[in-house]
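Those protein sequence lines, which keep their order, are chains A and B. Take 1 as the starting number for the first sequence in the numbering used here and just add one per residue. Take 1 as the starting number for the second sequence in the numbering used here and just add one per residue.
Just to be clear, a hint being listed does not mean it is correct.
It does not matter which identical chain is meant; a pair holds if it fits inside one copy or across any two.
No farther apart than 25 Å at their CA atoms in a straight line, the calculated lysine-lysine pairs in the PhoX-like style are these [said to hold, decoys possible]:
(1) Lys-160 - Lys-395
(2) Lys-452 - Lys-420
(3) Lys-289 - Lys-95
(4) Lys-6 - Lys-26
(5) Lys-69 - Lys-301
(6) Lys-25 - Lys-472
(7) Lys-246 - Lys-94
(8) Lys-146 - Lys-301
(9) Lys-304 - Lys-160
(10) Lys-25 - Lys-304
(11) Lys-26 - Lys-477
(12) Lys-482 - Lys-82
(13) Lys-292 - Lys-95
(14) Lys-477 - Lys-82
(15) Lys-286 - Lys-94
(16) Lys-452 - Lys-403
(17) Lys-160 - Lys-372
(18) Lys-406 - Lys-26
(19) Lys-342 - Lys-450
(20) Lys-158 - Lys-26
(21) Lys-82 - Lys-156
(22) Lys-223 - Lys-6
(23) Lys-115 - Lys-249
(24) Lys-312 - Lys-370
(25) Lys-57 - Lys-6
(26) Lys-95 - Lys-246
(27) Lys-403 - Lys-335
(28) Lys-156 - Lys-481
(29) Lys-427 - Lys-95
(30) Lys-307 - Lys-146
Since the hints were made in silico from the structure, they are not lab data.
There are 2 protein chains.
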Amino acid sequence: MKLKIKRLKFLAGRPVSMINQNTAKKMSLHVGDKISIKNKKGKRLISIIDIISGFLKEEEIAISEEIRKILNLKNREYVDVKILEPPHSMILIKKKFGGGRLNKKEIYEIIEDIKNNALAEIEIAFFVSAICNNSMSLKETKNLTKAIIRSGKRIKLKGKIADKHCIGGIAGNRTTPLIVSICASTGLIIPKTSSRAITSAAGTADVIETVSRVDFSIKEIKKIIKKTKACLVWGGTLGLAPVDDKILKIERIANLDSTAQLLASILSKKIAVGSKYVLIDIPYGKSAKVTKVQAEKLRLKFLKLGKAFNLKLTVILTNGSEPIGNGIGPVLEMKDILKVLKRDHPPKDLEDKSLFLSAKLLELCGKSKKGKGIEHARKILDSGQAFMKFKEIIKAQEGTIKKLQKPKINYNIISEKNKKIKHIDNKMINNLARILGCPEDKAAGIYIHKKKNNFVKKGEKIFTLYALSNEKLNHAKIFYKKNQAEIIEFR
Amino acid sequence: MKLKIKRLKFLAGRPVSMINQNTAKKMSLHVGDKISIKNKKGKRLISIIDIISGFLKEEEIAISEEIRKILNLKNREYVDVKILEPPHSMILIKKKFGGGRLNKKEIYEIIEDIKNNALAEIEIAFFVSAICNNSMSLKETKNLTKAIIRSGKRIKLKGKIADKHCIGGIAGNRTTPLIVSICASTGLIIPKTSSRAITSAAGTADVIETVSRVDFSIKEIKKIIKKTKACLVWGGTLGLAPVDDKILKIERIANLDSTAQLLASILSKKIAVGSKYVLIDIPYGKSAKVTKVQAEKLRLKFLKLGKAFNLKLTVILTNGSEPIGNGIGPVLEMKDILKVLKRDHPPKDLEDKSLFLSAKLLELCGKSKKGKGIEHARKILDSGQAFMKFKEIIKAQEGTIKKLQKPKINYNIISEKNKKIKHIDNKMINNLARILGCPEDKAAGIYIHKKKNNFVKKGEKIFTLYALSNEKLNHAKIFYKKNQAEIIEFR
Numbered sequence: 001m002k003l004k005i006k007r008l009k010f011l012a013g014r015p016v017s018m019i020n021q022n023t024a025k026k027m028s029l030h031v032g033d034k035i036s037i038k039n040k041k042g043k044r045l046i047s048i049i050d051i052i053s054g055f056l057k058e059e060e061i062a063i064s065e066e067i068r069k070i071l072n073l074k075n076r077e078y079v080d081v082k083i084l085e086p087p088h089s090m091i092l093i094k095k096k097f098g099g100g101r102l103n104k105k106e107i108y109e110i111i112e113d114i115k116n117n118a119l120a121e122i123e124i125a126f127f128v129s130a131i132c133n134n135s136m137s138l139k140e141t142k143n144l145t146k147a148i149i150r151s152g153k154r155i156k157l158k159g160k161i162a163d164k165h166c167i168g169g170i171a172g173n174r175t176t177p178l179i180v181s182i183c184a185s186t187g188l189i190i191p192k193t194s195s196r197a198i199t200s201a202a203g204t205a206d207v208i209e210t211v212s213r214v215d216f217s218i219k220e221i222k223k224i225i226k227k228t229k230a231c232l233v234w235g236g237t238l239g240l241a242p243v244d245d246k247i248l249k250i251e252r253i254a255n256l257d258s259t260a261q262l263l264a265s266i267l268s269k270k271i272a273v274g275s276k277y278v279l280i281d282i283p284y285g286k287s288a289k290v291t292k293v294q295a296e297k298l299r300l301k302f303l304k305l306g307k308a309f310n311l312k313l314t315v316i317l318t319n320g321s322e323p324i325g326n327g328i329g330p331v332l333e334m335k336d337i338l339k340v341l342k343r344d345h346p347p348k349d350l351e352d353k354s355l356f357l358s359a360k361l362l363e364l365c366g367k368s369k370k371g372k373g374i375e376h377a378r379k380i381l382d383s384g385q386a387f388m389k390f391k392e393i394i395k396a397q398e399g400t401i402k403k404l405q406k407p408k409i410n411y412n413i414i415s416e417k418n419k420k421i422k423h424i425d426n427k428m429i430n431n432l433a434r435i436l437g438c439p440e441d442k443a444a445g446i447y448i449h450k451k452k453n454n455f456v457k458k459g460e461k462i463f464t465l466y467a468l469s470n471e472k473l474n475h476a477k478i479f480y481k482k483n484q485a486e487i488i489e490f491r
Numbered sequence: 001m002k003l004k005i006k007r008l009k010f011l012a013g014r015p016v017s018m019i020n021q022n023t024a025k026k027m028s029l030h031v032g033d034k035i036s037i038k039n040k041k042g043k044r045l046i047s048i049i050d051i052i053s054g055f056l057k058e059e060e061i062a063i064s065e066e067i068r069k070i071l072n073l074k075n076r077e078y079v080d081v082k083i084l085e086p087p088h089s090m091i092l093i094k095k096k097f098g099g100g101r102l103n104k105k106e107i108y109e110i111i112e113d114i115k116n117n118a119l120a121e122i123e124i125a126f127f128v129s130a131i132c133n134n135s136m137s138l139k140e141t142k143n144l145t146k147a148i149i150r151s152g153k154r155i156k157l158k159g160k161i162a163d164k165h166c167i168g169g170i171a172g173n174r175t176t177p178l179i180v181s182i183c184a185s186t187g188l189i190i191p192k193t194s195s196r197a198i199t200s201a202a203g204t205a206d207v208i209e210t211v212s213r214v215d216f217s218i219k220e221i222k223k224i225i226k227k228t229k230a231c232l233v234w235g236g237t238l239g240l241a242p243v244d245d246k247i248l249k250i251e252r253i254a255n256l257d258s259t260a261q262l263l264a265s266i267l268s269k270k271i272a273v274g275s276k277y278v279l280i281d282i283p284y285g286k287s288a289k290v291t292k293v294q295a296e297k298l299r300l301k302f303l304k305l306g307k308a309f310n311l312k313l314t315v316i317l318t319n320g321s322e323p324i325g326n327g328i329g330p331v332l333e334m335k336d337i338l339k340v341l342k343r344d345h346p347p348k349d350l351e352d353k354s355l356f357l358s359a360k361l362l363e364l365c366g367k368s369k370k371g372k373g374i375e376h377a378r379k380i381l382d383s384g385q386a387f388m389k390f391k392e393i394i395k396a397q398e399g400t401i402k403k404l405q406k407p408k409i410n411y412n413i414i415s416e417k418n419k420k421i422k423h424i425d426n427k428m429i430n431n432l433a434r435i436l437g438c439p440e441d442k443a444a445g446i447y448i449h450k451k452k453n454n455f456v457k458k459g460e461k462i463f464t465l466y467a468l469s470n471e472k473l474n475h476a477k478i479f480y481k482k483n484q485a486e487i488i489e490f491r
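Start from the sequences, fold in the hints, and give me the full structure.
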């Protein structure tokens, strides 16, 4: 059926179309049914139906902005609309749900249908459930990784391409900008794409955004890397693994992690940018994402899958029980990074971890001899080369380290007694930072004055809370008071 | 935040609200986030956010019709809108997903959140996945049943209340109107609520709708039952188990069946109408929903759960390999029923099964002595009492058996050889009927002239296809040609 576009400018987070209730009746369409919309050039997109009355005419269809952009549709343009039958891939998902194994063709079909919106979010939820309950074999995981790479864009670069990834979960812990600056100084190509914060106070992309742009096109990234050997950008707009983004969105709702999806998600993005040498950091421990046993299992899976793709992988297990660095929040974490780079009272734990991981990557790539990586990395840092490299990258990304935002208000949390700190909880400190406004309020967050095993005297500062509004600061104070025992433990 | 209702009259199948993009920014709301909307009387409803620009003003909110009705909102009325945090019940769902057991309080919390839309469809999908993968214990199933009853309305009736239920899947098989007519003739109270077709050619509600209304309020149903001892209505509008309806909708997408959900779904509706005596029919076999082994397991679970609720249950396993009756489709199935009631060339299989099940229910309720039920039921049928009762019910439901719709076109499928029929497939014959227009096109469907073990001579009719449009008939002819070997097998 031919229907005329009526522009309504709405976003639904997924392709949604609205049609008049009489049109729906004529086409036997019900709310939630899927249709395929074809534009003049023959390009198709699958969309979900909402039904509207009194506002749209019978011959009209209102499409969400997601659809308008992809199909490049104009107001009052005609499109061809057809009802869509439930996709065959739902049968495959049910097979996996029942404990079956999926072959390459079947996994490709599911991923292709997710890409084309032939599978709705609820159907993707069943796919996520299926692979969480019935773990994928190495072969299945390999095919899932391939399918995800195939569904996205790739970046072709020349040179020795290296990358690092951390599975996350640790407050602060902003090693990436340091590792990239140190390692790119040796001539390695590091096309680093990062995420924004999901449940934490800041992602690397949020932190870099305090000093430069992070949203670039593939073409722009190539230019930045040509100039500086590296980049520090947000992966969200690049389309390297659009299917992965959709699956992650669903996984987050249930706070589920499928190991196969985690592996495929990480490695597909590395392969898409042509990385050959990859360092993976798995922080484990109390208040981290995984226990040591889980971390060890994950390490073996990473190594096996990496081998299947001919990657040179080093997988490091690091202690992730406590926050790393002193600043929690985009600006505060950037300040920690700059302290390390400027050799100006750097947080020791952040510096040590960054040097350790840089060393491992330099050794993996043959830039340092075995056992000599730390020395090499420290030399690059101490000589100011790393700082130079960082400024180069930020400049190429149209930024400057001079433009850091300032917090409006702060509040000190003072110790009431002489005590020794036993533990600061990653999850709770992240929650506190979120309440203060992170990651949207760049300058909001927490400065940790004292850490595990430090003594605090009565009247000494433990934390300083930063916020942009009194309202948020007050909320944070209430949260702190209520959850103090879970945020920080004393001996 | 106070926002003003702008009426847009749209249906989204779930409570959806649209707000202006600047309002979204102010409230830090993103597409897919949940909000709570409170009306003047303080009644709250949870809704999902879409974002729109250029059409809505900043102080406005457009709500889907589902919300308008529940909160009884008027155009330009102000509502109080708040962002909603992810529900605690998602943690409980994750617990079940991981194989844990849920206690009564936890199950109640999940069901309450589904009822109040605090859990979104994707989250319900994870709940469905969890209970499909990690089957619920008897105790959990009992609590699920209780929770579902608690979330819905109830009907209070006096007298000896009986009911029957079939798990479905068999083409034709319209025993319910016959069983209800026979058993209500003995004075039993049968508040029968039925469903419409989901994947089959017709549900009991679709069939009854060919001769009377089926959409009544609880108040109206009580009146009908007071007059006639029974009713034959659609359960969809009654709100006996609204949560169950939501869960079933999600299950259907993945074509999944959780046994716990199936048991809770069926028994909760019986308990909600106060039934004490319940007959359950489980058809098994080739092209049925379950195998004989599965049917036997299900039978035991029904008995255990029934006992927990003090129900008198009889669970019967019946052969469901082949369609039952000759007509497939609402009008054609009603014709079969009327033939049985009028004692006018009745389809023997339909009559036999209906008498058998009626006998079991009469014996269960003590209306017949053990072993004498068949005789009793046949007497009621032969004497015309059942027909009288049926006409009484239909009249009370504002209908008449004289107003059956007629099909516009028909087409005979003729045998090309002398053959003996080995099997007619339930699923395929249902698919064929759907293509002919069932269940919306009431008079569409299939008349089965010859059944399993019948001989057909060359030139004899096997099926007659009925449709309301040539287009649908042609589609059905193409489908038949393509899938003939799967629809009907010969020896």
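request  = Could you work out which earlier hints the structure fails to respect and list their numbers in ascending sequence?
outcome  = As far as the earlier hints go, 5, 10, 16, 20, 21, 22 and 28 are violated by this structure, in ascending order.
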